[in-house]
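Trainee: One letter stands for each residue in the lines below.
Protein chains: 2
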Amino acid sequence: MPDKSSLEVILTPNLLPLYPLQGKVVVVIDVLRATTTMTVALDQGATKVIPVESIEECLSYKDKPDHILAGERGGQKVEGFSYGNSPFEYMDGVVKGKTLVLTTTNGTRAIKMSSDAKEILIGGFLNFSALTRWLLNESTDTVLLCSGWRDKFNLEDTIFAGAIINHLKEYFLVDSDSAFAAEKLYLNSRRNMLHYMKQSSHYKRLAKFGVVNDIKYCLRPDLTNVVPILKDGALVRADISKDMI
Amino acid sequence: MPDKSSLEVILTPNLLPLYPLQGKVVVVIDVLRATTTMTVALDQGATKVIPVESIEECLSYKDKPDHILAGERGGQKVEGFSYGNSPFEYMDGVVKGKTLVLTTTNGTRAIKMSSDAKEILIGGFLNFSALTRWLLNESTDTVLLCSGWRDKFNLEDTIFAGAIINHLKEYFLVDSDSAFAAEKLYLNSRRNMLHYMKQSSHYKRLAKFGVVNDIKYCLRPDLTNVVPILKDGALVRADISKDMI
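For the record, the sequence lines run as chains A and B. Residues in the first sequence are numbered from 97 upward in steps of one, following this note's numbering. Residues in the second sequence are numbered from 97 upward in steps of one, following this note's numbering.
Careful, some of the hints might be misleading.
Said to hold, decoys possible - DSS-like mimics (lysine-lysine), calculated; alpha carbons at most 30 Å apart, straight line:
| no. | chain 1 | residue 1 | chain 2 | residue 2 |
| --- | --- | --- | --- | --- |
| 1 | A | K265 | B | K192 |
| 2 | B | K120 | A | K120 |
| 3 | A | K300 | B | K120 |
| 4 | A | K300 | B | K265 |
| 5 | B | K294 | A | K265 |
| 6 | A | K173 | A | K158 |
| 7 | B | K120 | A | K294 |
| 8 | A | K300 | B | K100 |
| 9 | B | K173 | B | K192 |
| 10 | A | K100 | B | K304 |
| 11 | A | K100 | B | K294 |
| 12 | A | K100 | B | K300 |
| 13 | B | K300 | A | K265 |
| 14 | A | K312 | B | K294 |
| 15 | B | K265 | A | K294 |
Calculated directly from the structure, the hints in this document are not laboratory data.
Kindly generate the complete structure, drawing on both the sequences and the hints.
Mentor: Shown next as structure tokens:
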């Protein structure tokens with residue numbers, strides 16, 4: 097029986113330099129809403145999702161056929177863009193067979209910052225079971241990276257990381273205060289997660305923009321088996337073998 | 097009625113650049129054990145406590161009369177030093193009328209990193225009530241800085257910050273996910289804090305060194321009214337007016 101692989105939680109991207117990523121799997125978490133929306137796009141038939149850091153980089157794709165450009169900053173759609181960061185924008189067949197190019201405040205940046213990792217995956221409540229099965233099947237040292245809000249700690253990403261810790265801790269070596277705290281916060285929240293989330297700063301921010309339905313959607317578990325994985329700079333569906341489902 | 101002052105929690109010193117400190121009160125928290133030990137030294141009659149960052153800087157005081165040099169790294173006394181970071185080392189009258197020069201892994205560094213602040217105070221469970229009274233009396237924008245462990249999140253400092261949030265939140269503007277999470281973790285822990293702390297990485301580290309009694313002492317509330325405050329590079333007793341006690 098080999099030693100267990102490690103499972104760690106990084107509470108904000110600002111703490112990334114403290115965690116070497118080489119050889120590890122990184123799960124980027126931006127539950128409200130980037131990683132949820134990316135997963136929805138692939139679930140709805142997008143060929144791939146290209147996460148880009150800047151508005152300018154996003155606009156550089158504008159003349160490419162079958163590319164949909166989407167931009168969000170500060171929780172709102174960027175002026176001049178037809179698409180933003182709401183999962184509901186990608187459910188009516190618009191992304192089928194197309195490439196989504198997306199830039200968001202926190203999530204896309206966290207993906208870029210993880211480039212040293214062996215594999216980069218994307219997680220949210222909607223693909224929780226498929227994601228955790230993939231991680232268990234891989235059993236490599238794994239880092240759960242909370243995207244936070246402008247480099248500060250946020251509640252929703254931490255709680256999702258805590259849900260993964262709670263689910264996988266018996267199969268991995270979990271030995272950090274951040275993992276312990278994330279799991280405790282998840283256990284606190286799970287009876288009524290929406291109520292708990294109402295305390296979070298990003299809930300309040302998004303609620304002001306009238307997108308409470310987005311939040312409710314982002315908290316719904318196991319809507320899809322799609323697990324986005326980064327290949328050559330774009331997120332595509334990870335191979336999920338039948339025996340993993 | 098003026099607007100309330102803000103009360104924030106910084107989970108590790110690595111996140112300090114995200115929080116401007118100018119004009120604010122900073123409470124540096126390193127419960128296990130630096131800020132507890134500093135408070136004990138002043139309570140036991142030390143004239144002042146000079147927090148220094150490096151072993152070399154500490155040793156530069158060695159020929160000064162009435163100076164006691166103390167050094168800790170990685171949870172253990174530094175070789176060649178007679179004194180370390182245990183509060184019990186300072187209870188037998190050795191510091192009375194003397195200056196303690198102390199360097200520790202995390203706490204003394206966090207103090208140095210807070211130099212932009214208007215005032216820097218030191219907190220631990222042993223001076224919880226006196227400290228919170230001082231903060232309430234001052235009613236200035238306040239930042240609770242958890243010293244963490246080598247820039248990573250730690251549980252014990254977060255829980256202590258959460259205790260302060262829980263006690264003062266009705267008098268301050270508290271509106272951040274880190275404050276919310278810290279308070280929840282405190283509320284989780286308070287029924288049996290020692291048991292809860294046993295999950296923390298620093299408990300395990302210190303327990304290996306056989307200093308569980310230190311940990312128990314560091315979790316005992318309200319042993320003193322001494323609130324250390326930084327003046328001209330040294331910690332001295334803050335003025336506590338009688339009506340604050």
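Trainee: Against each hint, give a clear statement of whether it holds in the structure.
Mentor: Against the structure, the hints:
1. A:K265 - B:K192: violated, 49 Å
2. B:K120 - A:K120: violated, 40 Å
3. A:K300 - B:K120: holds, 26 Å
4. A:K300 - B:K265: Distance of about 18 Å is within 30 Å: holds.
5. B:K294 - A:K265: holds, 17 Å
6. A:K173 - A:K158: Holds. K173 (chain A) to K158 (chain A) sits at ~17 Å (cutoff 30 Å).
7. B:K120 - A:K294: The hint holds at about 28 Å.
8. A:K300 - B:K100: The given pair, whose Cα atoms are some 20 Å apart, holds under the 30 Å limit.
9. B:K173 - B:K192: Measuring from Cα to Cα gives roughly 21 Å; hence the hint holds.
10. A:K100 - B:K304: Roughly 22 Å between the alpha carbons, so the hint for K100 (chain A) and K304 (chain B) holds.
11. A:K100 - B:K294: holds, 22 Å
12. A:K100 - B:K300: Within the cut-off at roughly 20 Å; holds.
13. B:K300 - A:K265: OK: K300 (chain B) and K265 (chain A) at ~18 Å, within 30 Å.
14. A:K312 - B:K294: Violated, at about 36 Å.
15. B:K265 - A:K294: Holds, at roughly 17 Å.
Hint violations for this structure: numbers 1, 2, 14, all remaining hints satisfied.
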